[in-house]
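Chemist: Take a look at the letters that make up each chain.
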Amino acid sequence: MARPLGADDRPFDPEGLTVLAPGAPPDAALGARVVLGRWWRRFARNPGAVFGLAVFLAIIAMAVFAPVLAPYDPLAQGVGKPLDRPSVAHWAGTDSFGRDILSRIIYGARVALIVGIVSVTLAMVIGVTLGLISGYYGGIVDVVIMRVMDGLFAFPIIILAIAMMAVMGFGVRNVIIAVAVGFIAPFARVTRGDVLAVKEEPYIEAARLTGVRSLTIIFRHVLPNVLAPIIVQGALRVSGAIITESGLSFLGLGPPPPTPAWGRMIAEGQTFIVMAPHVATIPGIALMLAIVALNLLGDGVRDTLDPRMRR
Amino acid sequence: MVRFVISRLGQTLAVLFTVSVIIFALMRMIPGDPVLMMLGDDFTQDAYERLRSRLGFDRSIVTQYLIWIGRVLAGDLGDSYLNHERVSRLVLEAFVPTLTLVVASVIVGVLIAVPSGIIAAMRKDSAWDYGSMGFAIFVYSMPAFWKGIILIWVFSVYLGWFPAMGWVAPWTDPWQGLWRLALPAITLGTFFSGLVARIIRSSLLEVLDQDYVKAARARGVRQAALVYKHAMANALIPVVTVIGLQFGTLLGGAVLTETVFAIPGMGRLSVAAILNRDYAVVQGAILVGVVAVVVVNLLVDLVYAFLNPRIRVA
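Taken in order, these protein sequences are the chains called A and B.
Heads up: the first sequence is residues -8 to 302, going by the working numbering.
Heads up: the second sequence is residues 1146 to 1459, going by the working numbering.
Excised from the complex, chain A in its bound form:
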């Protein structure tokens, strides 16, 4: 039974009828369902990744069902004694305004998730588009785009975000923009690198020769073949976005009070670290759990989609 070399991943194909472009991922010849199924089995073998996914889904549920789950109004002052320790009535205690900390943590998940997901998506859309254009067209366009990306890449994300907040003013929307701008460069770089490899493939050449428009080639033929590393980048960056958001809130440059944001809750709690350590420490547990989960999830997605990068 002659099977083409290195084709163990393909379905049984005794005649070798499945023609693959050289260098194209073998997954490209399979149906989407088969590929997704295989990815899921690979992902599910990694206990850390599954734990990360479970916690991430739990946080999403917490954010979506916050009004049902939160025992108190997160903004209502004096629902308990100020700086009260954790008790049956207030599982995570109360802060200096007598607000219920658990309710604020639950609502705080909204800010963290919205910033984490929206900013990374925004950065992905812009960065990938720039990377596609830069890699596909090359020449002066490539040089200009990539030099700007090099410049952006030199900024530490929190410092760029601080600068942007200084210019734009505070608020959730501006935090999203600031974090997104900081993440454009990595997406553009990853995309461009893979586009350079893919655009030399014969099927791209063939499409070009038959007169398919450049934009169609880019989005229909190039993009699907460079998607895996982009998704990996996206998964790895969400935790960074949440860390940046909480850092900005901690510095007092995030969503203005009284919006519950984990970083600001920790900052407010630091003042009372001697008499009421729970005010600063408990919101941090939520933040850390979210970041650990997202890091494990990101690592799992990387190992699943790009086994070469596995450490």
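For the record, the hints were derived by calculation from the structure and aren't laboratory data.
None of these values were measured; they are calculated from a predicted model.
All residues carry an ideal CB built from backbone N, CA and C; glycine is no exception.
Not everything, but these chain B residues come out facing chain A in the computed CB check (under 7 Å):
no., residue
1, Ala1159
2, Met1174
3, Ile1175
4, Met1287
5, Phe1290
6, Ile1431
7, Val1438
Start from chain A and add chain B according to the hints.
Modeler: Same frame as chain A, now just chain B:
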């Protein structure tokens, strides 16, 4: 090597140029008229025009950039709107504590990461391996500012071993300085150690799998000697790269850490400047921070090329 150095210098200059344009453009996007802000409420039209032309706002945007970058290159970052001090002096004063914290954190981080990375690699898939790598992910995922508060709570408030905050330069009073620097450096250093330990482990595992190490093992060299004499030198090269790649992250982490410990560094300076709308200071602080990152990256690349002849020649 000379060609490598020259091409790397060229890249660095290009990046610095782009960075300067980005910062210049950002500061021009601030809503409101900076001339009106500087004049306050009581002024004449004539005074307005004079100040506007003195600051160069009546020229084209390219000329304005050239004037600005010329001053920056001469070391003039302008004056603070607030107290009319030189921005360059304010920023450099604030940069010293921040840089000290970063350097101390790198030292703490490497001191923790090297042994834990070696143990993890030598006893791969053992409880030691899982324990130290789990710890690495744990400390890496703790946000610096929260970790700092926990350390203050445990070691200052509860145990009373370290002061909770404040800054004394270690070179004026070594004992006080290092004592106060300990908790901030542990805060940021453990983050760095989490990153480095994982890299030491994986690069050591890779090196231990190489033929020359296998040959040494076949000659009967003991495991410990194998690691320290034969593998470690090569496994440490990636650590140099990580210091370069992560210098920016460390600087960002230092900005947050020093806020927790009330260290008068770049973080406090720039946040106070933002809240006071003192944009010349914001601009100067960010410029100096990013330039430091770019320069450190250049230095690390050069050191890396020096350590690794394969890069130098290519």
